[in-house]
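Chains as they are written, first to last, in our numbering: chain A, 1 to 438; chain B, 1001 to 1330.
Bear in mind the hints are in silico, worked out from the structure with no lab data behind them.
You may find that some hints are simply not true.
With a straight-line Cα cutoff of 27 Å, these simulated DSS-like cross-link-like pairs (lysine-lysine) come out [said to hold, decoys possible]:
#1 A/86 to B/1185
#2 A/416 to A/263
#3 A/293 to A/345
#4 A/86 to A/71
#5 B/1180 to A/197
#6 A/345 to A/294
#7 A/332 to A/86
#8 A/263 to B/1180
#9 B/1185 to A/416
#10 A/263 to B/1185
#11 A/197 to A/293
#12 A/71 to A/332
#13 A/239 to A/416
#14 A/71 to A/239
#15 B/1185 to A/197
Being a predicted model, the structure only gives us computed values, none of them experimental.
Chain by chain, the residues:
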Amino acid sequence: MSGKQVSRRQLLAGTAALGSVFAAAGLTGCGGTASAASARDIAFWHLLSGGDGIKMQAMISAANGANPGFKVHPTVLAWGPPYYTKLAMASAGGRPPELAIMHASRVPGYAPGGLIDPWDMSLLAEYGVTAESFAPRIWDKSQHGGQVFSIALDSHPFVMFYNTDIAGTAGMLGANGQLQEVGSPQDFLAMAREMQKVTQAHGLSFGYLGSGSQMWRLFYTLYKQHGADMELTPGQPMKVDRDAAVESLEFMASLFDDTVAAKSGDIGTGIAEFARGGSGMLFSGVWELPTFKKADLPVDAATIPTLYGTPASYADSHSFVLPRQLNVDDEKRRDVYKFVSDILKGSLSWAEAGHIPAYQPIVQSQAYRDLTPQIHYANAADIIAYDPEAWFSGSGSDWQTYFAENVQNVLLGRDKAADGWDAFVRRTNTLLSRPNPV
Amino acid sequence: MSSLATSESAEQAPSLPGQPRRNPSRNNQPGKSPSSTAQSSPRRTRDNLNGWGFAAPFLAFFLVFLVWPLLYGLYMSLTGKSLTGANDSLIGLANYAEALADADMWHSLGNTLYFTVISTVPLVLVALVMAGLVNVGLPAQWLWRLSYFAPYLLASTVVSLFFSWMYNPQLGLINDALAKIGLPKVGWLNDPNVAMWAIVIATLWWTVGFNFLLYLAAMQNIPAQHYEAASLDGAGAWRQFFSITLPQLTPTTVMIVLLQILASLKIFDQVYQMTAGGPSGSTRPVVEYIFETGFTGYRLGYSAAISYIFFGLIVAVSVMQFFITRRRSA
Chain A
1 MSGKQVSRRQ LLAGTAALGS VFAAAGLTGC GGTASAASAR DIAFWHLLSG GDGIKMQAMI
61 SAANGANPGF KVHPTVLAWG PPYYTKLAMA SAGGRPPELA IMHASRVPGY APGGLIDPWD
121 MSLLAEYGVT AESFAPRIWD KSQHGGQVFS IALDSHPFVM FYNTDIAGTA GMLGANGQLQ
181 EVGSPQDFLA MAREMQKVTQ AHGLSFGYLG SGSQMWRLFY TLYKQHGADM ELTPGQPMKV
241 DRDAAVESLE FMASLFDDTV AAKSGDIGTG IAEFARGGSG MLFSGVWELP TFKKADLPVD
301 AATIPTLYGT PASYADSHSF VLPRQLNVDD EKRRDVYKFV SDILKGSLSW AEAGHIPAYQ
361 PIVQSQAYRD LTPQIHYANA ADIIAYDPEA WFSGSGSDWQ TYFAENVQNV LLGRDKAADG
421 WDAFVRRTNT LLSRPNPV
Chain B
1001 MSSLATSESA EQAPSLPGQP RRNPSRNNQP GKSPSSTAQS SPRRTRDNLN GWGFAAPFLA
1061 FFLVFLVWPL LYGLYMSLTG KSLTGANDSL IGLANYAEAL ADADMWHSLG NTLYFTVIST
1121 VPLVLVALVM AGLVNVGLPA QWLWRLSYFA PYLLASTVVS LFFSWMYNPQ LGLINDALAK
1181 IGLPKVGWLN DPNVAMWAIV IATLWWTVGF NFLLYLAAMQ NIPAQHYEAA SLDGAGAWRQ
1241 FFSITLPQLT PTTVMIVLLQ ILASLKIFDQ VYQMTAGGPS GSTRPVVEYI FETGFTGYRL
1301 GYSAAISYIF FGLIVAVSVM QFFITRRRSA
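Excised from the complex, chain A in its bound form (with noise of 0.2 Å):
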């Protein structure tokens, strides 16, 4: 060793020193905390990004500005499984936030694990919020086996937005300015080709391509629109209309001739292309709406016309849950009451971002019904379907992946659709059989 290297020991003594110069710094950061450590932190974790996630920050700051007793810190995690395998494993480890977002559609994988607590009604109703708060529909969702589990924000239906210049142009607009209605598969492609005449490329805009999300929403609005069921039970093969949906499955494919609808489009080509008036329709999720706004696009909206005879449309929920503490600490858990109800109260900017708002006083109100197009879509809570119900369904779950797996080559002309679906239900029958773990 060269004279110039650190020996050991001094090399100890400085890390020591840098020790104590860190610990110095932390007991600093402390202090600063501690000063303004009055309020009780609240953690609140969510999967809302983009506008969506903006909309979130500013009423969690308007709740937080409000109520001086807490501060609702709130964890913003990838939307999809990485989302839900992250809440349910710090909910399993112990570990998990004091609140959550989640899917209504989710609730049954979480719910028999013993993963989220139930609401105190009578607690929530001290605040306010009761379940006539609720339209019919969204307060029979948030129920799992006789208890309140999940306290629902929004409703967020899959609906169609249209250019208005464009279906103008193509002679589509009614009397009122909003799109004709039309009844029946031909019609719908018909109106598609139309509005293709005007656009030169397409009429229609859907991306799906690699999203079993995508594929599975408008598949689940048409088969929901036979009338017909669909259920899932562990342990017994699943119950299903099958001509309903192989119908289904082929009018979607009928759709992507190139004139109706691109080929090959995934959900961003899809918006892109009606952002830039390359369809006059979309078929979208509501929380879509704010980027068109953006976007300056002459855009209206409507419910997934009625193609079958029974008016439905796919949608599922934003609601808030408890994942389960290990020790619930009852101050924590009022002020959590008390900021759902604030952020259920202010929901009308929620609205703002396309969504439907779950609390009934703000859909009744006058500022509501002034927001369009919102307020054209505004039916649909009425006729919304959520997922059939298992531990392995809802938004953002494998069961939707393998819905792609199985059908993205039908809707490519590749499959036939009766093998496709055949195929699905396969796949769906050997998780129906597998142990069940939750």
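Chain A is already provided as a structure; the job is to place chain B on it using the hints.
Frame of chain A; chain B shown alone:
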């Protein structure tokens, strides 16, 4: 770079500087390590203690983060443990029986093996060609080395995003280029027959630089005299490549192939981010299936059983590697 090459020839040249010396207490040949013979017994005990002391942090890590999870995972694979904490009773080999009868497990395992085969070949050959091109003495060597190796430094998310855009059927660069020369559009990530190849191409671009560096280092270690002698004898460039370069590279090639096989078997990131296993499950590797059954499907015990089946496969490959390299050096 040269240290990579010396580690290859470590068997022949144990006394190279930088190489770890053999443990003197095990290698009791007088003269080779004079200090060991002079040591008294208490001194040796103290050295041993010091040795354990230095090894302790690593050993603790090894035990806590490798051995314990390994044993716990094995135990878990014999239970019906779920992520929600439900049913963690012992169920014997039921998970293994279910896994062996699970078509999706076999399919994903098949995908992993398919990917390993079709990725290893180009990842070795292209690396060899690239190293050969740089080694012949192109000007601005640093630039070639940098541009061949740079992609390796990117995170898998970056690479996946980047290629997802290029592969986009409507807006992607690649289909745009194909259209310009009059070829039909390809559903790079949407066609079950093409998707795996698309991922191989992305992986090749991303990771070939590492093998390239290993090859380049080995090539630059081949004594120049061999080539001089060969050219005096009238051997041309191809002859020299096949009779000198390739044989001299054999140890490197064996190492690269085996490292590459092990790396390819672990494929997960790119697939998960580019296709999530689709279309039609055609790219889902077994690691993704393990992740799905365990973390999004909650069935930790079952997922652990599949992990152990896959673990067995990797051990088999590693044992093969051990025998191949031992036979070579014998």
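Taking the hints in turn, this is what the structure says about them:
A C-alpha spacing of about 38 Å is found between residue 86 of chain A and residue 1185 of chain B, which places the hinted pair above 27 Å, so the restraint is violated. This hinted pair checks out: residue 416 of chain A and residue 263 of chain A have alpha carbons roughly 16 Å apart, not beyond 27 Å. In summary, the hint linking residue 293 of chain A to residue 345 of chain A is supported, as the alpha carbons are separated by about 24 Å, within the 27 Å threshold. Restraint check for residue 86 of chain A and residue 71 of chain A: satisfied, since their Cα atoms lie roughly 23 Å apart, inside the 27 Å limit.
Straight-line distance between C-alpha atoms of residue 1180 of chain B and residue 197 of chain A comes to about 26 Å, which keeps the hinted pair within the 27 Å bound. Restraint check for residue 345 of chain A and residue 294 of chain A: satisfied, since their Cα atoms lie roughly 26 Å apart, inside the 27 Å limit. Of the supplied pair hints, the one linking residue 332 of chain A and residue 86 of chain A holds, its CA atoms being roughly 22 Å apart against a limit of 27 Å. Only pairs whose Cα atoms come within 27 Å are accepted, and residue 263 of chain A paired with residue 1180 of chain B is accepted, the gap being roughly 19 Å.
As the CA atoms of residue 1185 of chain B and residue 416 of chain A are separated by approximately 22 Å, the hinted pair is consistent with the 27 Å bound. For a cut-off of 27 Å, the pair hint linking residue 263 of chain A to residue 1185 of chain B stands: about 11 Å separates their Cα positions. Note on residue 197 of chain A and residue 293 of chain A: the hinted pairing holds, with a Cα-Cα distance of about 25 Å set against a maximum of 27 Å. Taking the CA atoms of residue 71 of chain A and residue 332 of chain A, the gap is near 10 Å; set against the 27 Å cutoff, the hint holds.
Simply put, residue 239 of chain A and residue 416 of chain A have alpha-carbon atoms about 21 Å apart, close enough for the 27 Å limit, and the pair holds. Proposed proximity of residue 71 of chain A and residue 239 of chain A is contradicted: the alpha carbons are some 47 Å apart, above 27 Å. Annotation: proposed proximity of residue 1185 of chain B to residue 197 of chain A holds, straight-line Cα distance about 24 Å (limit 27 Å).
When held up to the earlier numbered hints, the structure conflicts with 1, 14 and fits the remainder.
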